[in-house]
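Chain B with the ligand: place on chain A using the hints.
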Amino acid sequence: MTTGTTAGTALGMHNRTKRQVIDEAFMEHRAKVLDLAAFLDRVDRAASAASAASAASSGASLVTGDQDDDFRTDALRRAIALLLDGKPERARRILELWSDRSTEPIAVAPMKGALGAVDLRAEFQAKGRA
Amino acid sequence: MYIDPHIHMVSRTTDDYQRMALAGCVAITEPAFWAGYDRSTAQGFADYFRLLTDAEPRRAAQFGIAHHTWLCINPKESEDVGLAREVLGLIPGFLDRPNVLGIGEIGLNKNSRNELLVLDEHIALAKRHGVLILVHTPHLEDKLKGTILIMDAMRNQGVDPGRVLIDHVEEHTVRHVLDRGFWAGMTLYPDTKMTPQRAADVFEMHGTDRLWINSAGDWGVSDPLAVPKCRLEMRRRGHLLESIQKVSFENPKQFLSQSGRFRVSVQGEA
Ligand SMILES: [Zn+2]
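These protein sequence lines are chains A and B, in that order. Note that the working numbering has the first sequence beginning at 1, numbered continuously upward. Note that the working numbering has the second sequence beginning at 1001, numbered continuously upward.
Everything labelled a hint here was simulated from the structure, so no lab data went into it. Treat the hints with care, as some may be off.
[As the list claims (entries may be wrong)] Pairs of lysine to aspartate or glutamate residues, derived as EDC-like cross-links and limited to a Cα-Cα distance of at most 16 Å, are as follows: (1) Lys1193(B) x Asp1223(B); (2) Lys112(A) x Asp1038(B); (3) Lys32(A) x Asp1191(B); (4) Lys18(A) x Asp1201(B); (5) Lys1193(B) x Glu96(A); (6) Lys1229(B) x Asp1201(B).
Pulled out of the complex, with its shape left as it was, chain A reads as follows:
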């Protein structure tokens, strides 16, 4: 396995300091953190599934179940925890966290698209109990 340092040196990367990398991209990523915060606030402010259902007939959604406890926002919160664990390769580990970890082909494709994460709630609940 190629280490980050060796591959980076081969590319001519050895001259960049942490300070340079931060100077270049801090503002962009500061904005991304605020986007994420505002998104979670927006979800909190939105009507719950129960009250929305009584207000109007809802359009078809790819996601079923209780919208107040959506597996996607749950997956997002678990990924945010990985950002803070101080370990390397955060991008790889988050992608693995959100991946379907089954190994056998499924019977029939239920749709063409993908949702971006698997439902981790049962797995983490079981871990919590163990």
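Okay, now just chain B with the ligand, sitting in the frame of chain A:
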């Protein structure tokens, strides 16, 4: 000078060819893919293959871009195995066209049994005709599982991994693909998946051997200039010009030249 080894020009305007040429694009390869709707007959695919092997190379040549293609029925239309087999039957009639490099983009979408069955039949077809393979891996939560299933299917049929490029790799699949001897492609999307910044990170972490970048520009939100934008990102970071040229020109040229048909000039020089 660069190569975009995965772009669906059928969905792009002639202006895009012009902008790509201005940005230094000299050659492209266009895999057969999902048109955004399911085609109802095999004849629909025959017309699509004529477009890929006849009309599109002529449109590209106007801008000095050498156009190449890959043929298949894509995994999104593989649930109907009957139709897939009809389309598979049409492909040998097109494999002798001068711009056809091989079979692609084949692979999996939702990792279903029929998708895997149709993938197996495409691999067998490629082996029978001794042509290269370009692989589409599933998106998002299905990618990791699909990538492993696809590599296992290749191994089961004894395919030489050096003649297969596995596309749309990300941080969690790139190492699996390279460690098993395959070539790997990173697709640069404007926002939902791999970005030019993350692709440059992957080069810093995993090196530049057997890796290329492409735009996979199509009818969706995508950017036909994604490859030059990634080159710019690498330059901005101080990556060596040699490395930039390797991932955006030399590597695709090396892999694709195994077909014996790849050209970087419309005049025909290799
Ligand atoms: Zn594609």
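Hint check:
1. Taking the CA atoms of Lys1193(B) and Asp1223(B), the gap is near 13 Å; set against the 16 Å cutoff, the hint holds.
2. Straight-line distance between C-alpha atoms of Lys112(A) and Asp1038(B) comes to about 11 Å, which keeps the hinted pair within the 16 Å bound.
3. As the CA atoms of Lys32(A) and Asp1191(B) are separated by approximately 12 Å, the hinted pair is consistent with the 16 Å bound.
4. With a C-alpha separation of about 14 Å, the suggested pairing of Lys18(A) with Asp1201(B) holds against the 16 Å cut-off.
5. For the suggested pair Lys1193(B) and Glu96(A), the alpha carbons sit about 14 Å apart, so the restraint of at most 16 Å is met.
6. Restraint check: the Cα-Cα separation between Lys1229(B) and Asp1201(B) comes to about 14 Å, which is no more than 16 Å; the hinted pair holds.
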